[in-house]
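Construct the entire structure; sequences and hints are all you get.
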Amino acid sequence: MAVDPSDVHDRLPCANSVDALLRHLVSGALTEHESACRYCRDQAEELRPLVTAVRRSEERRVTAPPGLVSDVMRVVRAERRGGRSIVLDGSGPGGTEVRESAVAALLRASVDAVPGVVVGRCRIEQTARGVVVRATVRVGLDRPIPEAAEAARSTMRALVEEQLGLPVVRVDLDVVDVRDDAGRDRLRPW
Amino acid sequence: MCTGGPTRSPTRGAHALSEGVLVERAQDGDDRAFEVLVRRHQDTVYRIALRILREPADARDAAQEALVTAWRKLPELADTESFAAWLNRIVGRRALNVLRARRPETPIEGGERITAAAPGPAAEAFAGDLREALHDALSELPPAQRVCWILREMEGLGYEEIAGIVDATPTAVRGRIHRARTHLVEALESWR
Numbered sequence: 000m001a002v003d004p005s006d007v008h009d010r011l012p013c014a015n016s017v018d019a020l021l022r023h024l025v026s027g028a029l030t031e032h033e034s035a036c037r038y039c040r041d042q043a044e045e046l047r048p049l050v051t052a053v054r055r056s057e058e059r060r061v062t063a064p065p066g067l068v069s070d071v072m073r074v075v076r077a078e079r080r081g082g083r084s085i086v087l088d089g090s091g092p093g094g095t096e097v098r099e100s101a102v103a104a105l106l107r108a109s110v111d112a113v114p115g116v117v118v119g120r121c122r123i124e125q126t127a128r129g130v131v132v133r134a135t136v137r138v139g140l141d142r143p144i145p146e147a148a149e150a151a152r153s154t155m156r157a158l159v160e161e162q163l164g165l166p167v168v169r170v171d172l173d174v175v176d177v178r179d180d181a182g183r184d185r186l187r188p189w
Numbered sequence: 000m001c002t003g004g005p006t007r008s009p010t011r012g013a014h015a016l017s018e019g020v021l022v023e024r025a026q027d028g029d030d031r032a033f034e035v036l037v038r039r040h041q042d043t044v045y046r047i048a049l050r051i052l053r054e055p056a057d058a059r060d061a062a063q064e065a066l067v068t069a070w071r072k073l074p075e076l077a078d079t080e081s082f083a084a085w086l087n088r089i090v091g092r093r094a095l096n097v098l099r100a101r102r103p104e105t106p107i108e109g110g111e112r113i114t115a116a117a118p119g120p121a122a123e124a125f126a127g128d129l130r131e132a133l134h135d136a137l138s139e140l141p142p143a144q145r146v147c148w149i150l151r152e153m154e155g156l157g158y159e160e161i162a163g164i165v166d167a168t169p170t171a172v173r174g175r176i177h178r179a180r181t182h183l184v185e186a187l188e189s190w191r
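Order-wise, the sequence lines are chains V and U.
For the first sequence, numbering that gives the first Met the number 0 assigns the number 0 to the initial residue and increments by one for each residue that follows.
For the second sequence, numbering that gives the first Met the number 0 assigns the number 0 to the initial residue and increments by one for each residue that follows.
FYI, nobody ran anything at the bench for these hints, they're computed from the structure.
No residue lacks a Cβ here, since even glycine has one placed at the ideal position from N, Cα and C.
Errors might be hidden in some of the hints.
As the list claims (entries may be wrong) - Some but not every residue of chain V turned toward chain U, in silico, with C-beta under 10 Å:
| id | residue |
| --- | --- |
| 1 | SER16 |
| 2 | ARG40 |
| 3 | ARG47 |
| 4 | GLU57 |
| 5 | THR62 |
| 6 | MET72 |
| 7 | VAL74 |
| 8 | GLY119 |
| 9 | ARG120 |
| 10 | VAL170 |
As the list claims (entries may be wrong) - Label pairs and their in silico Cβ distance ranges:
| id | chain 1 | residue 1 | chain 2 | residue 2 | range |
| --- | --- | --- | --- | --- | --- |
| 11 | V | ASP88 | U | PRO169 | 35 to 43 Å |
| 12 | U | PRO169 | V | GLU149 | 43 to 51 Å |
| 13 | V | SER69 | U | SER189 | 57 to 65 Å |
| 14 | V | GLY82 | U | SER138 | 43 to 51 Å |
| 15 | V | ARG83 | U | GLU80 | 46 to 54 Å |
To be verified - To give an idea of the chain U side of the interface with chain V (calculated C-beta under 8 Å), a few residues:
| id | residue |
| --- | --- |
| 16 | GLY19 |
| 17 | VAL35 |
| 18 | ARG39 |
| 19 | GLN41 |
| 20 | ASP57 |
| 21 | ARG59 |
| 22 | GLN63 |
| 23 | THR68 |
| 24 | TRP70 |
| 25 | LYS72 |
| 26 | GLU152 |
| 27 | ILE176 |
| 28 | VAL184 |
| 29 | TRP190 |
| 30 | ARG191 |
Next up, the structure:
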C-alpha cells in the first residue's frame with residue numbers, strides 16, 4: 000500500500016496542521032494563533048459543517064447495553080484460570096485442598112483491615128516447610144513503611160496459620176507504590 | 000483471630016480500588032477484580048465498537064469479544080497502569096476485523112475518492128440529521144480510513160496508538176485521516 004506523505008498537505012501555509020485545528024474547533028479551544036490567522040480562519044469555515052456534525056455526534060452519550068457485564072463474566076468464570084491448590088493437613092481419610100486464588104482473595108481481604116496498605120498481586124507457594132506468600136502492596140504515606148508492611152505481614156501470617164492451619168515460612172512484600180491514597184481512588188477515603 | 004478477614008467479602012471496597020491494583024488482582028485470576036474493571040470500561044468499549052460498526056448488535060458482540068479477549072490476555076499486560084489504552088486497542092482491532100469481514104471488496108486507498116451517488120445515502124441524509132449525514136459519509140469510507148478517523152477525531156487517540164490498532168505506520172495513519180477528512184468535508188458540503 001502506498002504511503003501518503005500527508006504531513007505536507009495536511010499543513011496550512013501558516014504551518015498549523017488541519018488535524019490539530021479540527022480538534023481545537025470541536026473542543027472549542029482554539030489557540031491564539033488559530034483565532035487570529037487568516038489561513039486557519041478560512042480552513043475553519045471550510046470545516047464548519049464537519050465540526051458541527053462531530054459535536055452533535057459527541058452530544059449523544061453512549062452507554063453499554065444491559066447484560067453485557069453479566070455475559071462477559073459468565074464466559075470469564077466458565078474459563079477461570081485453574082491455578083494451583085494448597086493442600087491442608089488433616090487426619091483423613093480424604094484430603095482438603097484450597098485453590099490458590101481463594102487463599103489469595105482471603106489474604107487480600109484480611110489486609111483491607113490494615114490501614115494504609117492495599118494488596119495487588121498475591122501468590123502462595125506450598126513448600127515442605129510451610130507456606131510462602133509473595134505479594135505486591137501499595138502503602139500510604141501516613142505511617143512508616145516498615146510499620147505498615149509489618150502490620151500487613153502479621154495479618155497475612157495469622158490468617159494462613161489460623162484459617163488454613165499451615166505454618167508460614169515467609170511473607171515477602173514488594174512495595175510497588177507509596178502515595179497518599181495507597182492504591183485507592185479518592186472517591187472513598189479511608 | 001486478629002484479622003477479621005475471613006468473614007469479610009473479598010469484593011468489599013473493590014470499587015474504590017485503583018486501576019493498577021485491580022489489574023494486578025485480575026492478572027492473578029481474581030474474576031471479581033476483573034468485573035469491576037469491566038463495569039468501569041464497558042461504556043467506552045461499547046462506544047468505540049458502535050462508532051466503528053454502527054450496528055448495535057454487532058457492536059455488542061465486538062465489545063463482548065474484546066472484553067473476554069482482555070481477560071484471556073491480561074497476564075501478558077506488563078504495564079498495569081496502561082490497561083485502558085490496551086483495552087481500547089483490543090476493541091479497535093476487533094471492530095476493524097468485523098468491518099473488514101463485512102466489506103470484502105478491495106478498500107479504496109490512495110488518491111481515489113468515493114462519491115455518493117444521488118439519490119443514494121447522501122440525498123436521504125440531507126433530509127435527516129447532520130449527525131446521520133456524518134455517519135453515512137463515514138460508512139462510505141474504506142474500513143481502515145473510517146477506523147483511523149473515528150479513533151482520532153472522536154476518541155482522541157494519538158497517531159502511534161492508532162497505528163498499533165490498524166497495523167500501519169503513524170505516517171500512513173495520518174494519510175488516512177487526511178483522506179477521510181477530505182471526503183467528509185465534501186460529503187457534508189450541502190450542510191453549509
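The hints, checked one at a time:
Among the interface hints, the one on V/SER16 holds; its C-beta lies about 9 Å from the nearest C-beta in chain U, closer than the 10 Å criterion. About 15 Å separates the beta-carbon of V/ARG40 from the nearest beta-carbon of chain U, more than 10 Å, and the hint is not met. Because the smallest distance between the Cβ of V/ARG47 and any Cβ of chain U comes to about 7 Å, under 10 Å, the interface hint for this residue holds. For V/GLU57, the interface hint holds, since its Cβ comes within 10 Å of a Cβ in chain U; the closest pair sits about 7 Å apart.
The interface hint given for V/THR62 is met, as the beta carbon of that residue sits about 5 Å from the closest beta carbon of chain U, less than 10 Å. Annotation: interface hint on V/MET72 holds; nearest CB of chain U at approximately 5 Å, less than 10 Å. With its C-beta approaching chain U no nearer than about 5 Å, V/VAL74 sits inside the 10 Å limit, and its interface hint holds. Here the hint on V/GLY119 is kept, as its CB sits about 3 Å from the closest CB of chain U, short of 10 Å.
Annotation: V/ARG120 was flagged as interfacial toward chain U, and the flag holds, the nearest CB pair being 5 Å apart, inside 10 Å. Because the closest C-beta pair between V/VAL170 and chain U is about 13 Å apart, greater than 10 Å, the hint is violated. Remark: the range hint 35 to 43 Å for V/ASP88 to U/PRO169 is contradicted by a beta-carbon distance near 59 Å. With their beta carbons about 49 Å apart, U/PRO169 and V/GLU149 fall inside the hinted range of 43 to 51 Å.
At about 44 Å, the beta-carbon gap between V/SER69 and U/SER189 misses the expected band of 57 to 65 Å. Between V/GLY82 and U/SER138 the CB atoms are about 45 Å apart, so this pair conforms to the stated range of 43 to 51 Å. Between V/ARG83 and U/GLU80 the C-beta distance comes to about 28 Å, which lies outside the given range of 46 to 54 Å. The closest approach between the C-beta of U/GLY19 and any C-beta of chain V is roughly 7 Å, which is under the 8 Å cut-off, so the hint is satisfied.
Evaluation of the U/VAL35 hint against chain V yields a violated restraint, the C-beta minimum of about 10 Å exceeding 8 Å. Here the hint on U/ARG39 is broken, as its CB sits about 10 Å from the closest CB of chain V, past 8 Å. Nearest Cβ of chain V to the Cβ of U/GLN41: about 4 Å, under the 8 Å cut. The hint holds. Interface restraint check for U/ASP57: the shortest CB-CB distance to chain V comes to about 12 Å, outside 8 Å, so the restraint is violated.
Taken as an interface hint, U/ARG59 checks out: its beta carbon lies about 5 Å from the nearest beta carbon of chain V, inside 8 Å. Hint status for U/GLN63: holds, given a least beta-carbon distance of 6 Å to chain V, under 8 Å. At about 10 Å, the closest approach between the beta carbon of U/THR68 and any beta carbon in chain V exceeds 8 Å, and the interface hint on this residue is violated. Because the beta carbon of U/TRP70 sits about 5 Å from the nearest beta carbon in chain V, less than 8 Å, this interface hint is met.
Look at U/LYS72: its Cβ only gets to about 12 Å from chain V, farther than 8 Å, so that hint breaks. At a threshold of 8 Å, the smallest CB-CB gap from U/GLU152 to chain V is about 6 Å, leaving the interface hint in force. At about 6 Å, the closest approach between the beta carbon of U/ILE176 and any beta carbon in chain V falls short of 8 Å, and the interface hint on this residue holds. Interface restraint check: U/VAL184 against chain V, minimum CB-CB distance 6 Å, threshold 8 Å, status holds.
Below 8 Å, beta-carbon pairs count as interface contacts, and U/TRP190 has one with chain V at about 4 Å; its hint therefore holds. Against a cut-off of 8 Å between C-beta atoms, the interface hint on U/ARG191 holds, since the closest Cβ of chain V lies about 5 Å away.
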